[in-house]
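Chemist: For the protein sequence lines, the chains are P and W, in the order given. Heads up, the first sequence is in our numbering, so the first residue is 11 and it goes up one at a time. Heads up, the second sequence is in our numbering, so the first residue is 244 and it goes up one at a time.
Because the hints were derived from the structure by calculation, they are not lab data. Note that this is a predicted model, so its numbers are computed, not measured. Any given hint could turn out to be false.
Stated by the list, open to error - Simulated pairs of lysine-lysine, DSS-like, Cα-Cα distance not exceeding 25 Å:
id	chain 1	residue 1	chain 2	residue 2
1	P	Lys26	W	Lys420
2	W	Lys446	P	Lys64
3	P	Lys64	W	Lys459
4	P	Lys54	W	Lys417
5	W	Lys311	W	Lys322
6	W	Lys411	P	Lys25
7	W	Lys446	P	Lys54
8	P	Lys25	W	Lys375
9	W	Lys317	P	Lys64
10	W	Lys464	P	Lys33
11	P	Lys64	W	Lys319
12	W	Lys392	P	Lys64
13	W	Lys459	P	Lys33
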Amino acid sequence: MSIILIGIVSCRDTKKEQEELDKTLDTIEAVEQEIDETVEEVEKKAEEVESALKELDSL
Amino acid sequence: MKNIFKLITLFLAFLVLSSTSTYAQGKSQDKIKGKKEKVEKVKDDIDEEAEEHQEKAEEIKEKGKANKDKAKDKIKGKKEKAKKVKDDIDEETEEYQDKAEEMKEKGKANKDMAKDKMKENKGKGNAYGRDKGDMSGKEFGQQRAVLAKEKIEKTERSFNENEETLRKGRDKVKEAKEKVEKEREDKSVNEEILKQKEEKISKAEEKLNELEEVIKRGKEKVRKKGEEIDKVVKPVEL
């Protein structure tokens with residue numbers, strides 16, 4: 011009986027832990043994705059700036 | 244008797260005189276003949292020399308012509324060689340261009356493939372995945388959070404680099420403005436050209452402002468995301 015109880019508690023803990031982990035990973039992945047997008051946006055703009063600055067070399 | 248003697252003397256004298264005269268005359272004729280021969284010889288020599296010179300001149304002319312032909316052939320040969328080299332270079336350039344195009348296409352295809360894969364992996368833990376292996380959930384979460392924090396730090400460093408680009412760009416714009424201003428004062432450049440230059444400067448300035456804004460927003464976003472990560476991840480219980 012006690013073994014069954016330990017088993018049930020253990021399974022509950024594992025399920026809870028997995029849920030928490032999934033939640034954490036979701037948050038981390040969302041953060042990473044937003045960072046990637048931000049970096050991409052900044053790099054694109056930096057390229058535009060460099061191109062516009064190159065035009066000034068010929069002045 | 245006396246008269247006879249006189250007559251004989253006179254006759255002898257006449258004889259001597261006439262023989263001398265004949266001798267002199269003969270000698271003179273010989274002299275003329277000798278001179279004539281000499282003149283003939285000189286003439287022959289001159290003719291011979293002239294002929295010789297003419298031959299030499301002909302020879303030089305022939306030689307010159309031959310050299311000219313040779314030079315022409317040489318130039319023609321070089322021209323042909325140069326044309327061949329040019330053709331080879333053109334061919335090689337074309338080949339490289341084709342290869343570059345091919346590589347570009349390939350690169351684009353790879354990039355698209357990577358993008359697709361990333362999209363596919365979205366929600367599965369990005370590049371790191373969700374397979375925690377032997378680690379516990381907390382440990383795995385912690386590890387993923389550390390990696391995310393590293394990414395945030397890396398992004399912040401890249402923002403600093405972009406800020407440096409921004410600063411240098413501002414300096415460049417300032418210099419360009421000063422240059423145009425000076426040119427306007429000196430009246431060394433046409434007003435229309437100055438306006439074109441000013442347009443380029445304005446465009447660069449506009450782009451710099453946009454970059455500044457994007458960096459500012461990006462920094463703020465990254466800061467907030469860093470805080471989110473800090474909130475989500477609890478220290479591992481030892």
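Chemist: Holds or violated: Lys392(W) and Lys64(P), Cα atoms, limit 25 Å.
Modeler: 35 Å, violated
Chemist: Can you confirm whether the C-alpha distance between Lys446(W) and Lys64(P) stays at or below 25 Å?
Modeler: 11 Å, holds
Chemist: Is the hinted pair Lys64(P) and Lys319(W) satisfied, with a Cα-Cα distance of at most 25 Å?
Modeler: With Cα atoms ~45 Å apart, Lys64(P) and Lys319(W) exceed 25 Å; violated.
Chemist: For Lys311(W) and Lys322(W), compute the direct alpha-carbon distance and say whether it is at most 25 Å.
Modeler: Since the Cα atoms of Lys311(W) and Lys322(W) sit roughly 16 Å apart, the hinted pair holds (cutoff 25 Å).
Chemist: Take a quick look at whether Lys411(W) and Lys25(P) sit within 25 Å of each other, Cα to Cα.
Modeler: Cα-Cα ~54 Å, so violated.
Chemist: Keeping to a limit of 25 Å between CA atoms, is the pair of Lys446(W) and Lys54(P) held or broken?
Modeler: Judged against 25 Å, a Cα distance of about 16 Å means the pair holds.
Chemist: Is Lys25(P) within 25 Å of Lys375(W), Cα to Cα?
Modeler: With Cα atoms ~15 Å apart, Lys25(P) and Lys375(W) stay inside 25 Å; holds.
Chemist: Does Lys54(P) pair with Lys417(W) here, judged by a C-alpha cut-off of 25 Å?
Modeler: Holds, at about 23 Å.
Chemist: Given the hint that Lys464(W) pairs with Lys33(P), test it: the Cα-Cα distance must not exceed 25 Å.
Modeler: 21 Å, holds
Chemist: When you check the alpha-carbon spacing of Lys459(W) and Lys33(P), does it fall within 25 Å?
Modeler: 29 Å, violated
Chemist: Taking only the CA atoms, is the gap from Lys64(P) to Lys459(W) under or equal to 25 Å?
Modeler: It holds: about 24 Å lies between the C-alpha atoms, which stays within 25 Å.
Chemist: Next pair to validate is Lys26(P) with Lys420(W); report whether the Cα-Cα distance is within 25 Å.
Modeler: Outside the cut-off at roughly 64 Å; violated.
In terms of the numbered hints stated before, the structure departs from hints 1, 6, 9, 11, 12, 13, listed from lowest to highest.
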